[in-house]
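Listed below are the residues making up each chain.
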Amino acid sequence: MSANLSSVLFLITGILFILALRGLSSPETSRMGNFFGITGMILAIVVSILSVDIFFSNLIYFIVALSIGGIIGGIIAFKIPMTAMPQLVAGFHSLVGLAAVLVAVSAYYSPDSFGLGTFQNIKTASIIEMGLGVSIGAITFTGSIIAFMKLQGLMSGSPVTFSGQHYLNALLGILIISLIGYLVVNQSTQIFWMLIIASLLIGFLIIIPIGGADMPVVISMLNSYSGWAAAGIGFTLENTALIITGALVGSSGAILSYIMCKGMNRSFINVILGGFGTDNSSGETNEKTEQKPVKSGNAEDAAFLMKNASSVIIVPGYGMAVAQAQHALREMVDKLKKNDVKVSYAIHPVAGRMPGHMNVLLAEANVPYDEVFELDDINNDFANTDVAYVIGANDVTNPAAKTDPKSPIFGMPVLDVEKCKSVLFVKRSMSPGYAGVDNELFYKDNTLMLFADAKKMTENIVKNLD
Amino acid sequence: MEIDPFIFRLSIFILSIFIGYFVVWSVTPSLHTPLMSVTNAISSVIIVGAIIASFSSLDGSNISFSNILGFIAVTLAAINIFGGFLVTQRMLQMYKKKEKKKNK
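Just so you know, the sequences run in chain order V and X. Using our numbering, you'd call the opening residue of the first sequence number 1 and step up by one each time. Using our numbering, you'd call the opening residue of the second sequence number 1 and step up by one each time.
If you're looking for bench data, these hints aren't it; they were derived computationally from the structure. Careful, some of the hints might be misleading.
Claimed, not checked - Only pairs whose alpha carbons sit at most 20 Å apart, straight line, appear in this in silico SDA-like list of lysine to any residue:
hint, chain 1, residue 1, chain 2, residue 2
1, X, K96, V, N379
2, X, K96, V, P399
3, X, K97, V, D453
4, X, K96, V, N366
5, V, K337, V, D453
6, X, K96, V, L154
7, V, K295, V, D386
8, V, K262, X, Y21
9, V, K262, X, Q89
10, V, K337, V, K262
11, X, K96, V, P81
12, X, K97, V, L305
13, V, K342, V, V294
14, V, K444, V, V294
15, V, K421, V, S311
16, V, K262, V, P399
17, V, K463, V, Y258
18, X, K97, V, K295
19, V, K419, V, N380
20, V, K337, X, I17
21, V, K419, V, D466
22, X, K97, V, R330
23, V, K342, V, Y369
24, X, K97, V, D377
25, X, K97, V, S25
26, X, K96, V, P368
27, V, K79, X, Y21
28, V, K338, V, E374
29, V, K421, V, K262
30, V, K337, V, V322
31, V, K123, X, K96
32, X, K96, V, S26
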């Protein structure tokens, strides 16, 4: 296949990918979008096979590799529970990172087959791009593995900090830039591998200090990195499809990181430096607050309140995902609807462990997406609502974010749950949320605390609704 | 003076960032998780590079270090392509409107 023809076809791949993302502007068009994405990918694979000179007998190796990967990927895609989406995405990011590193290493050792020059005599522009691509790829790889381990619970979700951490990271950053510089000058193998090792190390170091609830930012950021890594390799290989895709994915991840940071009213730098919520020691420290009177109730009270309400807003949070309570919740809502209660769902941008996490879980439980609202669209409705049912959320409802300038979460957009006539809080204990701040909502007269596992409590309410 | 082809690629890159910016802002927040899984799937177009690496001067009897890395990269990218698109499809199937018959 001529180079011109394949370039045009790669451009079409890029366009199909743009349409794939465009489709996600609404759930109706999204499935079509995914189809465009798949078509684009098939096109890219076919074009690249046709444009390399191969002996057809060797195609078998490719088919074997593709099938192994395809089977593993397919099994994962069908088996994975929806609550595990964040770690799945993190795991997938690590694979993109590693693939980028492998392609770059391969191109470094056999530049001739990529048309980049000869070994240790690679074109200057290509070696810069290669250095950047391999470095970002390696950072994505180790960073995503740490994110995966934290989300999967293989590693504590709390931030890991030590003194001098930021200096070490800064030093490594400078080292990486200088190594890329050296690599351009002498193209030595040692420098190339040192660059990879330093990048792997910094990927590990920048994610360990970031705590569990900041994971939405981390995942989006790694999403962005995997895009820039692909773009870096795209420049090295002079491939349009990779450059376009890398730019799309890179900016997509960057926008999501921005949305997540805004949802927490924190700067990106602040999240990256990490260590937020380290003083979140549980138990003893809350003694003072626990002396304040709290009204606690049981499933019967909650069922009674909601059955007699005319409108209910559900506020789900990460606790719902942990307890896998989404199906029980849907059952409860169905019963309420039979009693002519108007029910809607309010989703805070950072509820859960990744962007849109709650929406997927509710969709899985067959909740129609037009009953689910974003913060800005529903926040005014709380004032006209009888009951708010807060299940597994805490900080995102804390009015201190609006009233107390000393609070660490001051300025964060929150759901105005306190404006409802009554608030039901499903929580396991009085312990504060991730930010380590006490929620004054717990002590209000119109708040009823339901101390239980989110799923069990919801199931009990369902029983009491009959 | 002739323009370096790099400049053309850079132009494509910059313009694509802008396209990405506008397209992604128009994605509805409720689909942000599928957005992440689908961007993940499409970034596996890096398989293009893996294919070149796998087949570079491969003659069957003489498989080089670069070829092996290439095949590993093909496998990794394939996990991502199949896994990413299929899981996205699975998620998107779940987004339903009101009134539509629920399937159990």
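Do the hints match the structure? See the list:
1. A C-alpha spacing of about 23 Å is found between K96(X) and N379(V), which places the hinted pair above 20 Å, so the restraint is violated.
2. For the suggested pair K96(X) and P399(V), the alpha carbons sit about 33 Å apart, so the restraint of at most 20 Å is broken.
3. This hinted pair does not check out: K97(X) and D453(V) have alpha carbons roughly 29 Å apart, beyond 20 Å.
4. In summary, the hint linking K96(X) to N366(V) is supported, as the alpha carbons are separated by about 7 Å, within the 20 Å threshold.
5. With a C-alpha separation of about 23 Å, the suggested pair K337(V) and D453(V) falls outside the 20 Å cut-off, and the hint is violated.
6. For the given pair, K96(X) sits about 34 Å from L154(V) by alpha-carbon distance, which is inconsistent with the 20 Å threshold.
7. For the proposed pair K295(V) and D386(V), the alpha carbon gap of about 18 Å is at most 20 Å, so the pair holds.
8. Distance check on the hinted pair: K262(V) and Y21(X) sit about 17 Å apart at the alpha-carbon level, within 20 Å; holds.
9. Only pairs whose Cα atoms come within 20 Å are accepted, and K262(V) paired with Q89(X) is rejected, the gap being roughly 29 Å.
10. Our distance criterion of 20 Å between C-alpha atoms is broken by K337(V) and K262(V), whose separation comes to about 34 Å.
11. A threshold of 20 Å between alpha carbons decides the hint, and for K96(X) with P81(V) the separation of about 19 Å falls inside it, so the pair holds.
12. The straight-line distance between the Cα atoms of K97(X) and L305(V) is roughly 28 Å, outside the 20 Å bound, and the hint therefore fails.
13. Among the hinted pairs, K342(V) with V294(V) is inconsistent with the structure: their alpha-carbon atoms are about 28 Å apart, more than 20 Å.
14. A threshold of 20 Å between alpha carbons decides the hint, and for K444(V) with V294(V) the separation of about 8 Å falls inside it, so the pair holds.
15. For the hint pairing K421(V) with S311(V), the CA-to-CA distance comes to about 10 Å; that is within 20 Å, so the pair holds.
16. A threshold of 20 Å between alpha carbons decides the hint, and for K262(V) with P399(V) the separation of about 17 Å falls inside it, so the pair holds.
17. As the CA atoms of K463(V) and Y258(V) are separated by approximately 42 Å, the hinted pair breaks the 20 Å bound.
18. The straight-line distance between the Cα atoms of K97(X) and K295(V) is roughly 37 Å, outside the 20 Å bound, and the hint therefore fails.
19. Of the supplied pair hints, the one linking K419(V) and N380(V) holds, its CA atoms being roughly 9 Å apart against a limit of 20 Å.
20. The suggested pairing of K337(V) with I17(X) is violated, with an alpha-carbon distance near 45 Å, which exceeds 20 Å.
21. About 28 Å separates the Cα atoms of K419(V) and D466(V), which puts this hinted pair outside 20 Å; it is violated.
22. Between K97(X) and R330(V) the alpha-carbon distance is near 14 Å, which keeps this suggested pair within the 20 Å criterion.
23. Straight-line distance between C-alpha atoms of K342(V) and Y369(V) comes to about 15 Å, which keeps the hinted pair within the 20 Å bound.
24. For the suggested pair K97(X) and D377(V), the alpha carbons sit about 18 Å apart, so the restraint of at most 20 Å is met.
25. About 15 Å separates the Cα atoms of K97(X) and S25(V), which keeps this hinted pair within 20 Å; it holds.
26. For a cut-off of 20 Å, the pair hint linking K96(X) to P368(V) stands: about 5 Å separates their Cα positions.
27. Simply put, K79(V) and Y21(X) have alpha-carbon atoms about 33 Å apart, too far for the 20 Å limit, and the pair is violated.
28. With a CA separation close to 25 Å, the supplied pair K338(V) and E374(V) exceeds the 20 Å bound.
29. Annotation: proposed proximity of K421(V) to K262(V) is violated, straight-line Cα distance about 29 Å (limit 20 Å).
30. Distance hint between K337(V) and V322(V) is unfulfilled; the C-alpha atoms sit about 26 Å from each other, more than 20 Å.
31. Proximity of K123(V) to K96(X) is assessed by CA-CA distance (about 52 Å); at most 20 Å being required, the pair is judged violated.
32. Between K96(X) and S26(V), the direct Cα distance comes to roughly 11 Å. Compliance with the 20 Å bound is thereby established for this hinted pair.
The structure fails to meet hints 1, 2, 3, 5, 6, 9, 10, 12, 13, 17, 18, 20, 21, 27, 28, 29, 30, 31 from the earlier list, while all remaining hints are met.
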